[in-house]
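Visitor: Given next are the chains, with one letter for each unit.
There are 2 protein chains.
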Amino acid sequence: MQRKIILIGCGVVGQGFLEILVKKKELLDAKFGFEPLLVGVADMRMGSILVPEGMDIPKFLEHLKAHGTVHDFPAEGATIGLNSLDLIKEADADIMVEVTFTDIKTGEPATSHIKAAFEKGMCVATTNKGPITLHFKELCQLAQRKNALFRYEGVVMSGTPIFDLLEYCLAVNDIKEIKGILNGTTNFMLTKMEEENMSYPDALALAQKLGYAEADPTADVEGFDALAKVVILSNVVLGGSIKPSDAAERVGISGITLEDIRKAKEEGMRYKLVGSTRIEHGKIIASVKPVKLALSHPLAGVSGAVNALTFTTDLSGDITIQGPGAGKLETGFAIMIDVLNMHREM
Amino acid sequence: MQRKIILIGCGVVGQGFLEILVKKKELLDAKFGFEPLLVGVADMRMGSILVPEGMDIPKFLEHLKAHGTVHDFPAEGATIGLNSLDLIKEADADIMVEVTFTDIKTGEPATSHIKAAFEKGMCVATTNKGPITLHFKELCQLAQRKNALFRYEGVVMSGTPIFDLLEYCLAVNDIKEIKGILNGTTNFMLTKMEEENMSYPDALALAQKLGYAEADPTADVEGFDALAKVVILSNVVLGGSIKPSDAAERVGISGITLEDIRKAKEEGMRYKLVGSTRIEHGKIIASVKPVKLALSHPLAGVSGAVNALTFTTDLSGDITIQGPGAGKLETGFAIMIDVLNMHREM
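Protein chains in written order, with our numbering: chain G, 1 to 346; chain U, 1 to 346.
It is worth saying that the hints were derived from the structure and are not from the lab.
What you were told as hints is all true, and nothing was included just to trick you.
It does not matter which identical chain is meant; a pair holds if it fits inside one copy or across any two.
With a straight-line Cα cutoff of 27 Å, these simulated DSSO-like cross-link-like pairs (lysine-lysine) come out: (1) 176 / 328; (2) 23 / 176; (3) 192 / 263; (4) 31 / 283; (5) 146 / 31; (6) 31 / 176; (7) 31 / 115; (8) 292 / 265; (9) 192 / 265; (10) 263 / 292; (11) 25 / 283; (12) 137 / 25; (13) 31 / 137; (14) 120 / 31; (15) 283 / 23; (16) 176 / 25; (17) 292 / 192; (18) 31 / 4.
Computed from a prediction, not measured in an experiment: that's the story for all the values here.
Isolated chain G, as found in the complex (with noise of 0.2 Å):
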């Protein structure tokens, strides 16, 4: 079945996602009934262009990395120009992909956009953290109201399946207890740190070179980022509705040095950035830290840029999910699981 896809925000994610859609074109019809129809595009930096009858997505992705625009993509019929939110208000399409960048204070332009979506009965898939952070209810509410499912696998891990697990694998399970790696640069620093022997300010300096860390580390290393997904993982899956400064405790990297690591290895134990989450007499106790994990502990064979999360739960016991916590084609892929389960669902 046809769908018609509007995508808002047309960077590195986006453009991973519309290169799966080409690369898995004939399975996505043939086992899935799935034909993506892409009829939209906006994007702050490269223009919008409005395509009723839909674009030819390979030769699209060619003019995107020949011109670095879209408004001028000859294609018949074409709408240019307009905003994103009047574009969102003209398309007609089904599903709207957001991959706009994060603003983790004001949510926006995502939170607009997601909005106005689902105003007009689209399904939205996302991949930003602003919105889910700071509106998540609120988005529920109106997508329920509007009839519109909404999807968000890629705010925590990217594409490692974390919000399908627990929905699809998992379900019926009670969480009691969420705890993870969830910021794949300092666990490279820790990794490191610990196997190569290497100073925290080398490590720091390896991860920048590599592109794991930006120039000002201070979300990473302090364990600012990782708390922004513990505080998601809080009000999406344990129902909590918290935001950062509720946590409990938010400890950073930037103290550990070589000893430290090197006396918790005599020990038989290894330092971890642990983000984790529960209830605890009715109230959502959340923290980032470093942790001394003993070396069996599933978290504790996380190496490198990876994440990885353990639910408590129930029914099934401990679950633990390891995998890419970013990447293109891994978010990509976000988006891509995100469409394909709403397209089985509508």
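Chain G is fixed; fit chain U onto it per the hints.
Guide: Frame of chain G, contents of chain U only:
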């Protein structure tokens, strides 16, 4: 919506499933619109009962505990003493749960049960390795012809999601390789040998004492159990049609000494009994053997009587899932999630 269920086999797994139905009754109804109606039970040792109006499940479980039989459960309009195949033929049910004992040589009586259910258009959930190992393709074809659903999450790693993970969370991915720790008993023994310097005979004796290993431990320690799961993964996930005898290698852990483990530890490595399968030049390469893994390998940190699998994919990178490989509630849950997902798709 009411779903009529018959339960063939009422041992540990069948009772675990019924206990979950009782424990989660309200959630199943409120969240998923799922109302189970148990209309028949057949068990080799405990007899059979068919009650078209359905049985009170909590009372039925109490009766089982008190009397160890099913045929004398007081219910109006009950037909008792039918053999399992006749019960399947007589029953008016939507779903058959097949959890009889596994006979890996013949696949019976489970295979006949499943065929009879499909012939009547019933959907089937099973945890029985026999039919999946021996008759997977044939059963899938029959199910498709009869428009019936077929689920078997519990045949590998009990309720830890494998097949649902691929179906709902990693769909569209090309699975290039599957590699994992598929036998909890041997992993428990290796962990004891490494962490507590326990000899192989002592570790085996402890595993037997704790009920992990059988009196004749051959199936576990020589890798036959892990290989059976590798064969299932090869056929179900990679589309192969291999038998255990087609495996490239099957080596167990009985040749591993404390000295081997000590040496590996000195090298920063750890022995694990690893089952793996991949396609090379159109041919399945399946094996089970002890492998020395770097401590940073995702499978190296898997300690104790648990299982873990790594899927190497083309879009999502390496995804590893770890969890219990056995247990009453855990395997009962495998049936629960299969039944629930079939209900969602019916």
